[in-house]
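Enquirer: Here is what each chain is made of, one letter per residue.
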Amino acid sequence: MKNLLNLLPLIAFVILIAVLYSFLTQDNDQLESVLVDQSVPEFRLPSLENPEITISKSNINKLPAVINVWATWCIACKVEHPFLMKLKEESIVTVYGLNYKDNRRKALDLLKKDGNPFELSIFDEHGKLAIDLGVYGAPETFFIDKTGIIRERHVGALTTKVWKEKFERFLNEDNDV
Amino acid sequence: MFRKLLTIFFATFIFGLTLAEEPNEVYPFEDSIHEERFLSLLNELRCPKCQGSNLAGSNAPIAIDLKREVYRLVKLGKTEKEVKTYLVDRYGNFIVYDPPFESDTYALWLAPLIIFLITISVILFRRFSN
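In order, the protein sequence lines correspond to chains A and B.
To convert, note that position 20 of the first sequence is 20 in the working numbering; the numbers rise steadily by one, no gaps.
To convert, note that position 72 of the second sequence is 72 in the working numbering; the numbers rise steadily by one, no gaps.
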């Protein structure tokens, strides 16, 4: 018993190292979203293509869908762009774009050049809707199920791997119902 | 020659300082209570992007947006608690430096106490078994 007690600091140290080590491999950039299992927040923002047209929550109606937060100044957004195009071309899911703190002209030029995967593009110049969504950096992608509830959020570029791991299951679930 | 070089050296240093200064946004208040509330909130809210610093100490775009949002809410007369709730509803407990005591944060709050109790009991046990 006494020997065991003497070993206690060592045991505590080993546990501490194990705990810290397990945090090392964790992705710190992925904060859990509070909006998961909540409805998409209400908003009224102009469309990217036409400042005269107002888009609101009721326009997000082709569900299930993803809302993709992007900007031309965001490098990872360029990385995920082909994948968003694939989502559209293979009709996997509707993609809504939230153009975040960007320049309208530049954004439109990019969509013209690289292709436009978005059913609708919301222009959020001051990050208003982005704050309501708890966005803290672009790109971010939210999965909206067919009842309009946010089911998952991913921070960073959307890739085939991320899609399979985090999003695909909601699609299958929707097909079952 | 040396003095000239020295002058140039310090001149560039001072010039560099003025360049390095960020054009911080100004948040004017009419009510000093509001201003105090705003400043204390900036110190108690964490920047979600640059996770090591608070809103006051960050100039990341998201921090600037959140500062503007806090400013707007405080100007509307919202209390400190209301502003915090507003942000926690969007960004989670992560955004406040003093997270509430709930199931998610039990470990965070109780770990120091548990470690303290274990340490004390070990010390006492050793003392008395001698």
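Treat the hints as calculated values from the structure; they're not laboratory data.
Any given hint could turn out to be false.
Claimed, not checked - Calculated lysine to any residue pairs in the SDA-like style (CA-CA distance at most 25 Å, straight line): (1) A:Lys106 / B:Ile64; (2) A:Lys57 / B:Thr105; (3) A:Lys101 / A:Pro51; (4) A:Lys78 / B:Gly92; (5) B:Lys78 / A:Arg44.
As the list claims (entries may be wrong) - Short derived list, chain A residues pointing at chain B, Cβ under 7 Å: (6) Cys74; (7) Gly156; (8) Ala157.
Claimed, not checked - Stretch by stretch, here's where chain A covers chain B in the computed footprint (C-beta under 8 Å, at least three residues): (9) 37 to 44; (10) 59 to 67; (11) 121 to 127.
For every residue, glycine included, the Cβ atom is placed at its ideal position computed from N, Cα and C.
Enquirer: Work down the list of hints and note, for each, if the structure agrees.
Expert: Hint check results:
1. A:Lys106 / B:Ile64: The given pair, whose Cα atoms are some 22 Å apart, holds under the 25 Å limit.
2. A:Lys57 / B:Thr105: violated, 33 Å
3. A:Lys101 / A:Pro51: This hinted pair holds, its Cα atoms lying about 15 Å apart.
4. A:Lys78 / B:Gly92: Given pair Lys78 (chain A), Gly92 (chain B) is violated - Cα atoms ~28 Å apart, limit 25 Å.
5. B:Lys78 / A:Arg44: Distance of about 23 Å is within 25 Å: holds.
6. Cys74: violated, 11 Å
7. Gly156: violated, 12 Å
8. Ala157: Since chain B brings no Cβ nearer than about 16 Å to Ala157 (chain A), farther than 7 Å, the hint is violated.
9. 37 to 44: Check failed, 0 qualifying residues.
10. 59 to 67: Per the Cβ count (4), the hint holds.
11. 121 to 127: holds (count 3)
This entry does not satisfy hints 2, 4, 6, 7, 8, 9, going by the numbered hints stated previously.
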